[in-house]
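Put together the whole structure using the sequences plus the hints.
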Amino acid sequence: MAEYIAPLREMQFVMQELAGLEQVAQLPGCEEATADLADAILDEASKFAGNVLSPLNYSGDQEGAKWANNAVTMPAGFKAAYQQFAENGWTALACDPEFGGQGLPKIISTPVNEMWKSANMAFSLCPMLTQGAIEALLVAGSDELKQRYVPKMVTGEWTGTMNLTEPNAGSDLAAVRTRAEPQGNGTYKVFGQKIFITYGDHDMVSNTVHLVLARLPDAPEGVKGISLFVVPKFMVNADGSLGERNDAYCVSIEHKLGIHASPTAVMAFGDNGGAIGYLVGQENRGLEYMFIMMNAARFAVGMEGVALAERAYQRARDYAKERIQGTEVGVRGGPKVAIIKHPDVRRMLMNMRSQTEAMRALAYVVAAAMDAAKHHPDEVERAKNQAFADLMIPVVKGWSTEQSIEIASTGVQVHGGMGFIEETGAAQHLRDARITAIYEGTTAIQANDLIGRKMAREGGATMKAVLGLMQQTLGKLAEAKGEQFAVIRARLADGVAALAKASEYMVATYGSDIKAAHAGSVPFLKLTGIVAGGWQMARAALIAQAKIDGGDADPFYAAKVITTRFYADHILTQADGLAESIVAGASGTMALAEDQF
Numbered sequence: 306m307a308e309y310i311a312p313l314r315e316m317q318f319v320m321q322e323l324a325g326l327e328q329v330a331q332l333p334g335c336e337e338a339t340a341d342l343a344d345a346i347l348d349e350a351s352k353f354a355g356n357v358l359s360p361l362n363y364s365g366d367q368e369g370a371k372w373a374n375n376a377v378t379m380p381a382g383f384k385a386a387y388q389q390f391a392e393n394g395w396t397a398l399a400c401d402p403e404f405g406g407q408g409l410p411k412i413i414s415t416p417v418n419e420m421w422k423s424a425n426m427a428f429s430l431c432p433m434l435t436q437g438a439i440e441a442l443l444v445a446g447s448d449e450l451k452q453r454y455v456p457k458m459v460t461g462e463w464t465g466t467m468n469l470t471e472p473n474a475g476s477d478l479a480a481v482r483t484r485a486e487p488q489g490n491g492t493y494k495v496f497g498q499k500i501f502i503t504y505g506d507h508d509m510v511s512n513t514v515h516l517v518l519a520r521l522p523d524a525p526e527g528v529k530g531i532s533l534f535v536v537p538k539f540m541v542n543a544d545g546s547l548g549e550r551n552d553a554y555c556v557s558i559e560h561k562l563g564i565h566a567s568p569t570a571v572m573a574f575g576d577n578g579g580a581i582g583y584l585v586g587q588e589n590r591g592l593e594y595m596f597i598m599m600n601a602a603r604f605a606v607g608m609e610g611v612a613l614a615e616r617a618y619q620r621a622r623d624y625a626k627e628r629i630q631g632t633e634v635g636v637r638g639g640p641k642v643a644i645i646k647h648p649d650v651r652r653m654l655m656n657m658r659s660q661t662e663a664m665r666a667l668a669y670v671v672a673a674a675m676d677a678a679k680h681h682p683d684e685v686e687r688a689k690n691q692a693f694a695d696l697m698i699p700v701v702k703g704w705s706t707e708q709s710i711e712i713a714s715t716g717v718q719v720h721g722g723m724g725f726i727e728e729t730g731a732a733q734h735l736r737d738a739r740i741t742a743i744y745e746g747t748t749a750i751q752a753n754d755l756i757g758r759k760m761a762r763e764g765g766a767t768m769k770a771v772l773g774l775m776q777q778t779l780g781k782l783a784e785a786k787g788e789q790f791a792v793i794r795a796r797l798a799d800g801v802a803a804l805a806k807a808s809e810y811m812v813a814t815y816g817s818d819i820k821a822a823h824a825g826s827v828p829f830l831k832l833t834g835i836v837a838g839g840w841q842m843a844r845a846a847l848i849a850q851a852k853i854d855g856g857d858a859d860p861f862y863a864a865k866v867i868t869t870r871f872y873a874d875h876i877l878t879q880a881d882g883l884a885e886s887i888v889a890g891a892s893g894t895m896a897l898a899e900d901q902f
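The C-terminal residue of the sequence shown carries number 902 in my numbering, and the numbering is unbroken.
Since the hints were made in silico from the structure, they are not lab data.
Be aware that a few hints might be false.
Straight-line alpha carbon distances no greater than 25 angstroms define the calculated DMTMM-like cross-link-like pairs of lysine to aspartate or glutamate that follow [to be verified]: (1) K646 with D623; (2) K781 with D818; (3) K457 with D523; (4) K626 with E711; (5) K781 with E327; (6) K457 with E403; (7) K371 with E727; (8) K786 with E686; (9) K451 with E327.
Using C-beta positions, here's what the derived DEER-type ranges look like [stated by the list, open to error]: (10) G408 with H560: 37 to 43 angstroms; (11) E784 with G408: 23 to 29 angstroms; (12) A798 with A376: 54 to 60 angstroms.
We treat Cβ as the ideally placed atom computed from N, Cα and C, and that holds for glycine.
Written out as structure tokens, the structure reads:
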């Protein structure tokens with residue numbers, strides 16, 4: 306079975322030439338993020354991903370995590386791989402140097418994290434959740450909590466979790482019933498059960514730092530009455546050593562469609578007298594703090610979509626080159642050929658490749674905007690970049706994950722009957738991808754966030770600014786020579802017009818008929834993703850053509866123009882239909898009575 310090979314040339318192009326690594330490196334605090342350093346990091350990460358993590362992907366899926374006696378055992382090889390991962394410094398890549406991190410910008414950590422996810426998504430979930438827990442503690446935790454927990458989470462000696470969901474409280478966190486009782490000495494006893502806790506228990510590290518949402522005795526009802534607590538698996542002594550086992554146990558793990566090697570735990574807090582916890586930040590602001598983790602996780606899950614699409618594409622491409630079946634169309638009596646010769650197989654592969662490139666391009670550009678939002682010396686520029694990132698994060702999460710399911714399914718189709726057989730590995734990518742559009746907020750939740758918090762609340766101002774940037778790209782396309790760019794411009798222009806039409810409808814309708822707006826929210830998210838992805842592909846094609854015109858013979862650039870043209874013809878052409886379903890489709894969505902379903 307072929308192992309993952311990181312698409313380094315593509316990653317470097319998007320990171321450096323499209324997302325603007327050089328501009329990020331000019332920001333205060335990012336000066337060390339040179340192209341040479343980025344290339345060296347990506348090269349080392351690709352080796353670790355391909356040589357260490359990828360070989361454990363299939364075996365980990367087949368063996369799965371195992372639970373017995375309130376403890377989880379990871380599949381063979383995972384503990385050693387994690388220890389090597391931590392020792393090599395990968396857990397510290399994007400963390401604050403004050404706590405032992407390397408402080409590298411998101412535009413560098415994003416392609417590295419993509420590699421982990423492509424190589425072994427189940428493994429990658431552990432450091433992903435830990436990074437989110439670190440960010441929440443750094444923003445909201447006391448100095449004491451930061452010093453006690455963050456350094457060892459940065460080094461990877463300890464890992465972190467996010468405990469939101471309960472049996473009666475899924476996406477509706479107002480229904481959280483886990484309670485925390487103050488003990489009068491600065492600690493709390495936590496009682497309750499949490500479900501769907503990724504890496505809630507495992508044997509790769511000595512301690513797990515749980516961040517848990519719970520209610521204080523006098524807390525108001527609803528989301529305004531939720532607080533956040535640190536509840537460690539093992540108590541931590543004053544000298545940093547581990548003390549007694551806390552009353553926080555994994556009482557079972559879920560049996561899932563995919564990501565079998567990632568333990569999804571049912572956590573019980575306080576069954577034996579109370580789990581000791583520590584308040585993070587202020588009382589009743591827990592959901593606000595947890596959203597710090599969730600926003601980081603939502604972008605990261607969007608990158609899972611990109612990563613799984615890449616892995617599915619690589620496996621389908623390699624199989625298509627090896628599988629001999631049929632004769633070439635139009636060649637009578639010719640020899641049997643590899644299926645990559647067949648036009649429909651080419652169409653499927655181009656569909657997979659072009660969408661993956663578009664998703665990656667948008668995500669990396671958003672990562673660079675997040676760096677500018679954090680580090681730019683000008684307040685106006687920080688705000689502008691933050692607004693762009695806020696608008697696009699639900700798109701990166703929702704669109705990329707939904708398309709990864711489609712792309713992984715296409716990968717199975719390329720394999721034919723062998724794709725339905727587990728041994729080829731194609732089915733695992735589809736199974737693993739299916740959760741990405743559900744956890745950290747379903748696609749509908751991302752879409753509701755997009756049309757509500759990110760658009761209606763500000764009257765669509767940021768979307769209008771983005772549409773203005775797209776118009777600038779259309780102007781540059783008009784100056785480019787050749788049929789390819791004429792077609793790309795025409796398709797993108799239609800897409801931009803469709804997105805503008807749908808955006809105006811959403812802003813106007815949200816206040817007057819909110820159900821109609823929500824009925825079209827997911828198609829609107831998909832439309833935004835398609836057009837934003839096409840915008841970035843067009844920018845990439847312009848950069849590539851400029852390189853070609855300058856005498857660069859690297860075939861990568863010619864291929865980029867071709868994949869952009871395919872995306873324009875096959876993906877951007879969906880925009881008009883989506884816009885029509887958004888502005889005219891609500892009545893049909895809501896028309897049937899419930900008993901007619």
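* Could you tell me which of the hints above the structure violates, numbers in ascending order? => 2, 3, 8, 9, 11
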